[in-house]
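**Q** Given next are the chains, with one letter for each unit.
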Amino acid sequence: MDFSLSKEQQLVQKMYREFAENEVKPLAKKVDAEEYFPAETVKKMAKLGMMGIYFPKEVGGAGGDVLSYVMAVEELSKVCGTTGVIVSAHTSLCAAPIFENGTPEQKEKYLPKLCSGEWVGAFGLTEPGAGTDAQGQQTTAVDMGDHWLLNGSKIFITNAGVADVFIIIAITGIVKDRKGRPTKEISAFIVERNFPGFSVGKPEDKMGIRGSSTCELIMEDCIVPKENLLGAKGKGFALAMKTLDGGRIGIASQALGIAEGALDETVAYVKERKQFGRSIAQFQNTQFELAEMKARVEAAKYLVYAAALKKQQAMDGAKVRYSVEAAEAKLIASRTASDVTRRCVQLFGGYGYTRDYPIERMMRDAKITEIYEGTSEVQLMVISGDMLK
Amino acid sequence: MKAIVCVKQVPDTQGKVAVKPDGTMDRAAMATITNPDDLNAVEAALQLKEETGCEVIVVTMGPPPAEGMLRELMARGADRGVLVSGREFGGSDTFATSQILAAAVNKIGVGPEDIVFCGRQAIDGDTAQVGPQIAEKLHMPQVTYVTEIQKKADGLVVKRMLEDGYMEMKVQTPCLLTCIKELNQPRYMSVPGIFECYAKPLDIFDYNALKDDPLIETDTIGLKGSPTNVYKSFAPPVKGAGMMVESVSQLVGILNDKHLI
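Chains as they are written, first to last, in the working numbering: chain A, 866 to 1254; chain B, 38 to 298.
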């Protein structure tokens, strides 16, 4: 597999690094401490084409590729996990399913505004009773003839407080499965924030990615136009699962970035910190810890980039699936992020436990990557399911 | 209407400085950046493009890898690039360089409304001579140390920043402006810009393309033709960490211990 970056990929990486260092890093502490959603950063990213990186120019995208998107989430997350997931959820969970499943009219209506960053996107699948058991949906959508009527609620929705467009998964009926048993028919909808009956609840008080806007969505007789059914009726579950395949590549990139950012901070710190008359970088324990972590981060990076290249093949029209690659990348990258950030805090010692240094924030931010868009256990199910099919 | 911006690729002074045995800098061994003031010049041209729709052309003299810098500037929004490159140009001082760049600008063609932008000075030579010399060669008015530009119907109103104040003046086009960092905040490359930049036109002007231009005297360019030569380049010695003294008596004690007083 060829991981050498094209000239364009080298340039986007350079731009992301400069942007992250100058615009994102200075805000990261405030984003965490004050649960501050960095709206000004989103505006700046929008101007630079970062809210629709891998979509073609015809739909308002930047005309880039999937790896260029992955590197954006990675570089942002090196300095601020919150900023990384804003881009990831917007791109992978909202713009992508519309791009992949939308009618020409839906694409024309939503993609230019999402890609330009004028609108922010979100995705609602999880419910109080439907987490890993995504089939346990309770939200219903009833065909009222000239519109759909949605009722129910969604929880833990990333970007919810700021998003203008939501992909909502709901039950549209009961059908018989192949064995003749009654089963829920699930469909997907594009719901705008200002549709009647739609509201956003209070934000969650979270352990990490504290600036990310995570809220409940409430639909009480929410009126959704007929033309806002996304994909075929009854195909919503498959659409959600495929969307999450893409989303996992984004979260894997976020995890990778957090781990790399923690290592960068730690390498700088161990050179400065002196104990027993010399820098702690001179102790073999420090050296071996750093080496071990670096090797694990690189291994994660190869999996993440490989998943991105596989998704690119699908984007280019090849009949390939990338569910397993995405699950492997997310499983390993998120575990690496949690492991590496925890070990980095250890190398920082007491200072690492204080909020004067960014490393404890990175450890808190890392944990969510093992949980959202499918827990690590879900990734294990996806991978083993493919092995044993 | 055109905005022609002269830019230079310079060593990244954040990195290590490499010097060749003959005393000149080993540019190939050093990481390079676009000269910071030149980025302000490019930004000024791009803002003019947003205001007027003018074409922005970035011009540099340098070895073939300088194309990379031109592509980055096209990724910021410049429309095309001109790389002035040839062994005959190597080692040129400011006098020689400004002849060559003036000839390149001449070849691009300067119309009545056009503006040539330069950075104030490059961080490697710090001479601030090339921009003004280009203007002299091209017989066009020049304004240096520009910190504000307003486009008017009959020319430009330009503010210069001087050590002890400002000077506001009117200048007619075509003219040359040298820009300082206070003028603007250079933009980043954009993602769509990056994915377009390698498809934008890039012309290469070699020695043969420029040698017959009346602005060039072929025996006064390159290392041999340059009236000035680099005697020696060196990295300044690294200063050790300083120490804070608590009192005058402590300072006197230290100086005394070192037999300095």
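Check the hints yourself; a few may be wrong.
[Said to hold, decoys possible] Capping the alpha-carbon separation at 25 Å, the derived lysine to any residue pairs in SDA-like fashion look like this: (1) A:K909 with B:A65; (2) B:K53 with A:Q875; (3) A:K879 with B:K261; (4) B:K295 with B:S284; (5) B:K218 with B:Q51; (6) B:K276 with A:Q1000; (7) A:K1100 with A:D1221; (8) B:K86 with A:D1129; (9) A:K872 with B:E88; (10) A:K978 with A:M1180; (11) A:K912 with B:E80; (12) A:K922 with B:D116; (13) B:K86 with B:G146; (14) A:K1159 with A:K1107; (15) B:K261 with B:P274; (16) A:K879 with B:K53; (17) A:K1107 with A:D1204; (18) A:K974 with B:S227; (19) A:K872 with B:E219; (20) B:K53 with A:K922; (21) A:K978 with B:E88; (22) A:K879 with B:E88; (23) A:K908 with B:M177; (24) A:K879 with B:K295; (25) B:K53 with B:M38; (26) A:K879 with B:I160.
It should be emphasised that the hints constitute simulated quantities derived from the structure, not laboratory data. All figures in this text were calculated on a predicted structure; none of them were measured in a lab.
**Q** Would you mind marking each hint as holding or not holding in the structure?
**A** Status of each hint after checking the structure:
no., hint, result
1, A:K909 with B:A65, "violated, 35 Å"
2, B:K53 with A:Q875, "holds, 22 Å"
3, A:K879 with B:K261, "violated, 38 Å"
4, B:K295 with B:S284, "holds, 17 Å"
5, B:K218 with B:Q51, "holds, 18 Å"
6, B:K276 with A:Q1000, "violated, 67 Å"
7, A:K1100 with A:D1221, "violated, 49 Å"
8, B:K86 with A:D1129, "violated, 39 Å"
9, A:K872 with B:E88, "violated, 30 Å"
10, A:K978 with A:M1180, "holds, 21 Å"
11, A:K912 with B:E80, "holds, 15 Å"
12, A:K922 with B:D116, "holds, 18 Å"
13, B:K86 with B:G146, "holds, 18 Å"
14, A:K1159 with A:K1107, "violated, 31 Å"
15, B:K261 with B:P274, "violated, 31 Å"
16, A:K879 with B:K53, "holds, 20 Å"
17, A:K1107 with A:D1204, "violated, 28 Å"
18, A:K974 with B:S227, "holds, 24 Å"
19, A:K872 with B:E219, "violated, 32 Å"
20, B:K53 with A:K922, "violated, 41 Å"
21, A:K978 with B:E88, "holds, 24 Å"
22, A:K879 with B:E88, "violated, 28 Å"
23, A:K908 with B:M177, "violated, 41 Å"
24, A:K879 with B:K295, "violated, 49 Å"
25, B:K53 with B:M38, "violated, 41 Å"
26, A:K879 with B:I160, "holds, 21 Å"
Comparing the model with each earlier hint shows violations of hints 1, 3, 6, 7, 8, 9, 14, 15, 17, 19, 20, 22, 23, 24 and 25; every other hint is respected.
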